[in-house]
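A.B. asks: Build the complex from these two chains, which are given one at a time in their own frames, with help from the hints.
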Amino acid sequence: MDIIKRVIRYRQLFIVLVWREFAVRYRYTIIGVMWAGLQPLSMMLLFTFIFTYIMKLKVSSYPSFIFYFAGLIPWTFFAHSLNASIPSLTNHYQLITKIYFPRELLPLSSITAALLDFFICAVILFVFILIYQIPLTWNALWLFPLIVLLIIFTTSVSLFLAGLNVYYRDVRLASNFLIQLWFFMSPVMYSVDSLDTKMKLMLFLNPLTFIIENMRRVLLEGRGIVLWQMAFVCVVITVFYVVLSRFFIKIERAFADVI
Amino acid sequence: MSSEYAVKLDGVWKKYSTTEFFHRSVREEITGLLSRKKDEILTKDEFWALRDINLEFKKGDVVGLYGANGAGKTTIFKIISSITYPTKGSVTVNGTVAPLIEVGAGFHPDLTGRENIYVNGTIIGMEIREIKERMGNIIAFSELEGFIDMPVKKYSSGMYLRLGFAVAVNSSAGILLFDEILSVSDVAFQQKCIAKIKDLKREDRTIVMVSHNLNLLRETADTIYLIKDGTAVSF
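So the protein sequences, as listed, match chains C and G.
Heads up, the first sequence stops at 259 in our numbering, and the numbers go up one at a time, no gaps.
Heads up, the second sequence stops at 235 in our numbering, and the numbers go up one at a time, no gaps.
Looking at chain G on its own, in the form it has when it is part of the complex (with noise of 0.2 Å):
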């Protein structure tokens, strides 16, 4: 496997339902097993979220994707880290990916910071072994020294976000997906994300982020692409 691409999307399109009816839905799977119904026709209350998607992210890539809410930019995220599969097309990913869709997956509010940072590492898949010899690095790089053996229940919306982050940078995972997080944060941590994520570069790491922010998109990728209704285009 000595391919250097990361990730690759190839005539990717999704589809997904507007309607609350799942009834049909399990009924689809087991009958799907039978026959092969045809997926590219759209019924009654079906639109395509992703329409033909080509993209092709480099190992050591930083690419920003732009677009208005609900243009798909979390759809193709959730392709890359296969949490949900094509309706039609491929992807293929070279590499571990880490993605942080949301901040914090998997924190649990009762167990404090220290705590969490086993969870959430092990969900974002590091070993429990590596965890333990990051875990000075991570707490430095959240600053939350003080606070560490804290329920995060007690934490603001801020100091989850920078755990989570520090998790998420510490991982050895090849492909980094984030999903508008840095917006929440101050300036002068988002200065230390965008300080992070040139370093992680050097590192020949794929960093994949989205963001409202096309300044900050400026100052961190070097390919932007537009997401406008389930397309990707270059900007």
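Chain C extracted, bound-state conformation (with noise of 0.2 Å):
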């Protein structure tokens, strides 16, 4: 809650950093804001073409490029939350030591940043529902409070890692790592429907399953939510984010003196 208050309080400031990490980002490039799309876009081919053409694996009743990109949307936007907010506070040592303003205003710039990408995705899913004519249901409005656990798991494990970044440097050079493992540790080139019950559990520790998974059955399948298990993952990552983002304010106070 104290994070909140205090991006309201400076909240002019965070819209202009949200702003210039954007403007920045697509600065000098030739096809600009398209890159949002092409990277998601390119690993979607690249899964197709292995699984479908080469392995001959079905993973939907749907065209499976569409079940791969929709697992891809919400994978980039916490990859690229991550690559980006994990640096940005050692990226601006002249600032943190020359001025003061809530630090978190930047890791979560990174992240706004990264959610428009998301959104400009999120087009592009809906251009090819629309296309190849995947019918919804009322049970897609899920996708909304999953967008916002997304978001808040998301901004936990960000502030987290960039706060230690500060301290131990280890977080950068580990973080390249640990995203590829997390990559195959999320349901995003397979679905955990097919798996046995203790597989699942396995997989259900990381939050990350339950979001990307649900997200494509509420959207493409037109299947529910399993309520008890929503709950608890609710319950999960408001912990998470209550004691990762107390830590942070912990240490945030100590920035400018160890960076």
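Keep in mind the hints are simulated off the structure, nothing from the lab.
No experiment lies behind these values; they were computed from the predicted model shown.
Quick reminder that beta carbons are idealized off the backbone N, C-alpha and C, glycines included.
Any given hint might turn out to be false.
As the list claims (entries may be wrong) - DSBU-like cross-link-like pairs, simulated, lysine-lysine; straight-line CA separation at most 30 Å:
#	chain 1	residue 1	chain 2	residue 2
1	C	K250	G	K201
2	G	K192	C	K5
3	G	K8	G	K201
4	C	K250	G	K8
5	G	K192	G	K154
6	G	K88	G	K132
7	C	K5	G	K132
8	C	K5	G	K88
9	G	K88	C	K250
Unchecked claim - Derived coverage of chain C by chain G (criterion: at least 3 residues anywhere in the stretch with Cβ under 8 Å from a Cβ of chain G; other residues may be distant):
#	segment
10	4-16
11	94-106
C.D. replies: Structural data, given as structure tokens:
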């Protein structure tokens, strides 16, 4: 809650930082914002090529490239947020030692810029859904709470790792490898549906499993959410957020002396 | 809040460490939650950057801080602007602080001068609306009309400074901190800045500046403090 209050108080700076992040990223590029969609789209093509055409896997009743794309969008948001926010504090060493503002604005602006990419990709996904006439049901509305959970979870992990990176630069070095491992532990190129209970339970230790799996389920398959699972994940993610954001606020005061 | 002081430092001590090993510090933060460790004791590799600083700046004061490198001038600035916190003692600030410890904080080389005015302005606490209203004044003060839509990576250091200073003096912050910023600019711009500082003083704003240039401080400041080995004495 503290973090939300501080961001609201410094909202003008926050808006400008998000704008700066977004503007700088696509400045001097030829295709500009199209980069946002390009990476998940090319991954999607790769997965479809390997799994559908080479390994002849059938992952869904609808075209499999949509299956992969729908998993890649939340994943890309998570991975890009971590990648951008972990070095965000140390990169702005100049700013942190020279001026006061709530330090979380830096990782949060990186996450918000990644969120804009997420919505650009979501529009592309909806175009696919329209073209391939995948029927939408009311269950698709579950998408909104799932997006909120995804944002809160991503924010907690990003703040924690970005803060820790100020003290231990190991975090930055370990993050590539960590994100790669995390990718295979998340149901982006597979679905947990067909697995046995033991495996499912193991994969559900990763909150992203629940989020990505259910995003696909409610949007593309028109299925509902298991309510007790939803409630459980909500509690887990809330606890995560409270603990990790407190940790961040606690260590934030010393950033200028340590960085 | 009708007190007339703008900044008050009350018995401020600040401890720094000379070692590069920060590994201990995050652990200290966590264990510090459980046990209040004694701050007064210096361990090996630690030193006092500030010792018992007692200062009170009134609204409309222009204060100069003078002293050798490493005497603690910038640390005082950092404590006033809450970039860092005192180990002991208290700081009270009445009003918003626009620190100019470095000119053009947050300037991004790929953005134009105009775009950077927005970034820098919001960083020192201005609202976007305010910046829009004062854009003309800021550009006019900086005398960079012809270069304002050019990426600042092509600016010279003097141009950087002009732009940064122009934003700071046009902010509505009650307390302005200038760290050695006038030393890079040419004489004409320096005179302009001194005139502007006098204007700001008339608006009852508090200005604290650090300089090695004693003549410059004598010309502008009401009070000058000598900072030596982490202590402050009137000069």
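A.B. asks: Indicate, hint by hint, whether the structure satisfies it.
C.D. replies: Status of the hints after comparison with the structure:
A distance of roughly 37 Å separates the Cα atoms of K250(C) and K201(G); the hinted pair therefore is violated under the 30 Å criterion. The hinted pair formed by K192(G) and K5(C) fails the criterion: a straight-line CA distance of about 40 Å is larger than 30 Å. The suggested pairing of K8(G) with K201(G) holds, with an alpha-carbon distance near 18 Å, which does not exceed 30 Å. Distance hint between K250(C) and K8(G) is fulfilled; the C-alpha atoms sit about 25 Å from each other, no more than 30 Å.
A C-alpha spacing of about 24 Å is found between K192(G) and K154(G), which places the hinted pair at or below 30 Å, so the restraint holds. For the proposed pair K88(G) and K132(G), the alpha carbon gap of about 41 Å is over 30 Å, so the pair is violated. Using a Cα cut-off of 30 Å, the hinted pair K5(C) and K132(G) holds, with the two alpha carbons roughly 25 Å apart. Straight-line distance between C-alpha atoms of K5(C) and K88(G) comes to about 27 Å, which keeps the hinted pair within the 30 Å bound.
The straight-line distance between the Cα atoms of K88(G) and K250(C) is roughly 18 Å, inside the 30 Å bound, and the hint therefore holds. Coverage of a stretch by a chain is defined here by at least three residues with a beta carbon nearer than 8 Å to that chain's beta carbons; for the segment 4-16 of chain C and chain G the count is 4, and the condition holds. Residue count for the segment 94-106 of chain C with a Cβ under 8 Å from a Cβ of chain G: 8. That meets the three needed, and the coverage hint holds.
Checked against the numbered hints given earlier, the structure breaks hints 1, 2, 6 and satisfies all the rest.
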